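The listed protein sequences correspond, in order, to chains P and A. Counting along the first sequence from 1, when you hit position 66 you're at 66 in our numbering, and nothing is skipped either side. Every position in the second sequence, counted from 1, becomes a number in our numbering once 1000 is added.
Rather than coming from a laboratory, the hints here were simulated on the basis of the structure. Heads up, some of the hints might be wrong.
[Stated by the list, open to error] Here are the computed lysine to aspartate or glutamate pairs in the EDC-like style, where the Cα-Cα straight-line distance is at most 20 Å:
#, chain 1, residue 1, chain 2, residue 2
1, A, K1130, A, E1156
2, P, K24, A, E1546
3, A, K1247, P, E71
4, A, K1086, A, D1184
5, P, K24, P, E71
6, A, K1008, A, D1163
7, P, K24, A, D1331
8, P, K24, A, D1251
9, A, K1247, P, D13
10, A, K1584, A, E1546
11, A, K1233, A, D1223
12, A, K1347, A, D1324
13, A, K1086, A, E1076
Predicted, not measured: the structure shown is a model, and the values here were computed from it.
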Amino acid sequence: MQNSQMEAVTLADLGPGQSGCVVKVADDALGHNLAAMGLVRGATVSLNRTAPMGNPRIYAIKGYQLSLRNEDARKVLLRLS
Amino acid sequence: MTHDVKIKTLTVALTGNPNSGKTTIFNKLANARESVGNYPRVTIAPRERVIEHRGRQIMLVDLPGIYSLSARTPEEQAGRDYIHFKRPDVVINILDSGNLDRSLFLTTQLIEMGCPRIHALNMFDEARRKGISIDTTALVSMLGGPVIETVATTGEGLERLLDAALEIANPATPPHPSVSVGYDAHLEAAIERVRAQITELHPQEMSAQQSRWLAIKLLEGDDEILTREGEHKELIEQVGTERATFKQHHDESCELAFAAGRYGFIHGLLMEARTVSAEIPDEAMLHTRVDDILLHRWLGLPILLSLMWVMFETTFTLGAYPTDIIKSGVDALSGFLGSILPDSMIKDLLLNGVLAGVGGTIVFLPNVVILFFFLALFSETGYIARGAFLLDRLMHLFGLHGKALIPLIMGYGCNAPAIMATRTIEGRRSRIITSLVTPFMCCSARLPVMMLFAGAFFSAHAGSMVFAMYLLSIVTALGSAILFSKTVLRSMPEPFVMELPPYRLPSIRAVLFHMWENAAGFLQKVGSVILVGSIVIWFLQEFPREITFSQNYDAALTELASQPASDERVSEEERLTAERDREKLEKSYLGRIGMAVAPVFEPMGFGWKDTVAILTGVVAKEAVVASYAVLYAQSKESEGLMSAISGTMNPAQAFAFMVFALLYLPCLATIGAIRREAGSWKWVGFSVAYSLGLAWTLALIIVNLGRVLL
């Protein structure tokens, strides 16, 4: 636990080709919505693509592609893998 | 099958994620056989159709595509309420076989609701190509209901789907052993405690499954269920304590724990029932390559713009050929009727009222059909979602949501369904802004007006003028969105959570169906509103029959006729006849109405005929052209409508009229849609006042600029 806390980054910090494991999702309406879309604790997620102006970005999660704005992706804490 | 089962119509609801092929299945099932009844989509209620299968009537209900039953968006709410309150006999849960992980999330909620279910593993062929194999027998016992492999586009498995529905609804069939989604020990303990309390409050009212579902919903903090149980203070209190304790101990809310639990259940289930081949199939590689180009950081947006341009260009250039054919057909019919019918009021009504109005509008059918072909193509392939992704940042600058692209593009087809499409946008504020600005999109009904004026006044640059109108419509929509988001609808930015569906080759059938549906809608409008409108306008301009003219034209003409023939005589005769016709029109009921309202448009120099066309356009925008067609039918019968109106305005006025016609008032159907989506008449009033004011002001500015510059 101690170790994972130290390396925790948000989904928005994920670099091209990097992937991570979801540690925590914000406890608000958006967080609940993201959880329903598959961003739950323990899920693996990777960055696929970035839009023309650097935002939004497309992530691969649960075998499909999900597009999120960077400000919304900050709601998801990751441990890099 | 017992007798009493036969009498009742079976209700079968289709539910599933967006892009799961739900609507394709619905259309396939509904159209492959004779439909017994057809109910148009009303308000937020789902699409329904009664079909017959093996002698049994089945009412199919197409629920909106949703990811969850948590009632966070209006669509989720509609879906959940339908299943919970209407209690359909069977729910068909359509799953995307290539994306079971997420598709099954909704299924876990259906399992908990305990409704009789059938699971359709749709797009089974696509999953197989992806190297996915699924053990359906294992799934049947784990999901607690039949599992049927289907391919919506080819119709494979759909018969078996209906067979299974009949079987499950038959009381003689033994029920499937019920399954439940298990959560971790702490959650389960909390569920049990709440359930015990529920059983105490509602003794013998609920099955074990129902009380478990209620307990889970309460623990998930479902507002609506909490309100419904509001009378039971002790229950609400207990739930509140359970939720708080859980969060304290686990550093995670109940909502998130339930979501994680559901995905855990799905993970375990798929570990057993699914095998995925390790190698990446060619198709997936191809999709990635296509996205590399279409979503390219520099090329993505230029490609999007080019595709839009190709769409409009093709709509006009390709549409011109069939339009000419229809036009000559209408002319031929008009000529034929003119030669065989004796001169009478009926003949006049038929030729100058009905044929002029209906014929003048119907010539635009090819343009409408081609436009809808492209819209269907973009949405069927999955490109529209990519457009939303590419444009989100840009749209964000205008206070809009990337997903607003979908209603805005659809608005080029028809505003009313486009406004319904705003439901996919998460935030209420974004939704209202989008509903308010979508009516500025130049819909296919306004296209005829634009083409008529562009052709009549700017014939050398007609195509560019129409394209300019399209640009103006999007600029106005975006500009108004900024204004609204900075003033009347200011609040926090809202999230953008969107799935990018895999590319799919559009089925020709689906595209043709979409085109046909919209062409039929257009023809229906021409056959109803336009037909009636043309007749009404004709009557209003023909009556009253007795008019006191300012001078005795007939006497003057008779006197002229007795003079020796000369060029002067001919021109004088023409002048007198035209003068008489003009006065007759002006003194007709229509003329009087037009004259009464005309002062509003006086500053722009629009005449009363233009005023009448504007007024009729409020009912349906196609009526503008139909009105012109009827109004000018008599005066210049041999020449086309375009040349008839070409002399009536200067270019600046014509341009001002196009802008006015583009922006003023949403039509009645659109007003109804705004009322539904924005939720109050207040926003309808705002929309009407804003668009009228804007249209009037812009038109005035253009006319005055024209005066200075020309």
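Evaluated hints:
1. A:K1130 to A:E1156: holds, 18 Å
2. P:K24 to A:E1546: Answer violated: K24 of chain P to E1546 of chain A is near 83 Å, above 20 Å.
3. A:K1247 to P:E71: Status violated; Cα separation ~25 Å.
4. A:K1086 to A:D1184: Given that 20 Å is the threshold and the Cα spacing comes to 32 Å, the pair is violated.
5. P:K24 to P:E71: holds, 16 Å
6. A:K1008 to A:D1163: Holds - the C-alpha atoms of D1163 of chain A and K1008 of chain A are around 16 Å apart, at most 20 Å.
7. P:K24 to A:D1331: violated, 70 Å
8. P:K24 to A:D1251: holds, 9 Å
9. A:K1247 to P:D13: Distance of about 27 Å is beyond 20 Å: violated.
10. A:K1584 to A:E1546: holds, 9 Å
11. A:K1233 to A:D1223: holds, 15 Å
12. A:K1347 to A:D1324: violated, 25 Å
13. A:K1086 to A:E1076: Cα-Cα ~15 Å, so holds.
Consistency with the previously given hints fails for numbers 2, 3, 4, 7, 9, 12, ordered from lowest to highest.
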